[in-house]
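For reference, each letter of the sequence shown is one residue, going 7 to 196 in this note's numbering.
In short, the hints are calculated from the structure, not lab data. Check each hint, because a few of them may be wrong.
Label pairs and their calculated CB-CB ranges [stated by the list, open to error]:
1. VAL59 to ASN136: 33 to 39 angstroms
2. ASP114 to ASP57: 36 to 42 angstroms
3. THR134 to GLU53: 45 to 51 angstroms
4. LEU194 to ASN136: 30 to 36 angstroms
5. ASP140 to ASP193: 40 to 46 angstroms
All residues carry an ideal CB built from backbone N, CA and C; glycine is no exception.
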Amino acid sequence: MHAINLRKRLAVGAVAGLAVVGGIVGVSAYAAPGAETGPVEAVAVAEVQDDGVRGANALTREAALAVLDAAQDKAAELDQRVTVAIVDRAGNTVAMVKGDGAGPQSPDSAEAKAYTAVSWGQATSDLTENAVGDGATVADIPGTLFLAGGVPVVYDGAPIAGIGVGGAPSGDIDEEIALAGLAALADLEG
C-alpha cells in the first residue's frame, strides 16, 4: 500500500471540504491507490433558519489595509523596523506587513500580541500582571504573549480583531505603533 503524504491529504481534504460547503456532493476525499471508485450517493444539506445562525463582525479588507498603513507610517516616523499583524476574532491572521529590516522574531511576536489582545479584549500592556506569579498563569496558554504591543479592535462592545506589533526595542513603542493603526479605523468613511 502506498502512503499518501500529509500535504496531499490536506489538499484533497480542503478541496473536498470546499466542495461540501459549496453544495457540491459526491466528491471522494480519499481513495486508496488502485481502488476502484463508483458512484457516490448525494448527501442532503440541511437548511438552517435565521435563529440558528449568528452573524460575525469583522474588519473589511480596506480597514485592515488602513491599519497596516497607519501603523507602518508611525513606525517610520519613530524610525522603527517592525511587523504589524491583524487577527480576527478567532485568532486567525488576516493581514500582516513585515517592515523593511524587521527582525525574524517580529512576525511571531506581532501575531501573538494580536491574538492575546483579541482573546481578552484588552491591550496586552494591561494584561502583563496576570502573566506572572507562582504556578500556572495565563502566560501558559499557547500562542499568547503578554508584552505591550497588542490592542483589541472593539465593535458594538465586543472584540472583533486584534492588532499586534513586534520588533521595536520596547513594548511601549510597539503599543504606540499599534494604537496609531487602531486610530486609522476612526478615520474611515462610514
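Outcome of the hint check:
The hinted window of 33 to 39 angstroms between VAL59 and ASN136 holds, with their beta carbons roughly 34 angstroms apart. Taking the beta carbon of each, ASP114 and ASP57 are about 41 angstroms apart, inside 36 to 42 angstroms as hinted. Range check, THR134 to GLU53: Cβ separation about 47 angstroms, and the 45 to 51 angstroms hint holds. In this structure, LEU194 and ASN136 meet the distance hint of 30 to 36 angstroms, their C-beta atoms being roughly 32 angstroms apart.
Roughly 45 angstroms separates the CB atoms of ASP140 and ASP193, a value that falls within the hinted 40 to 46 angstroms.
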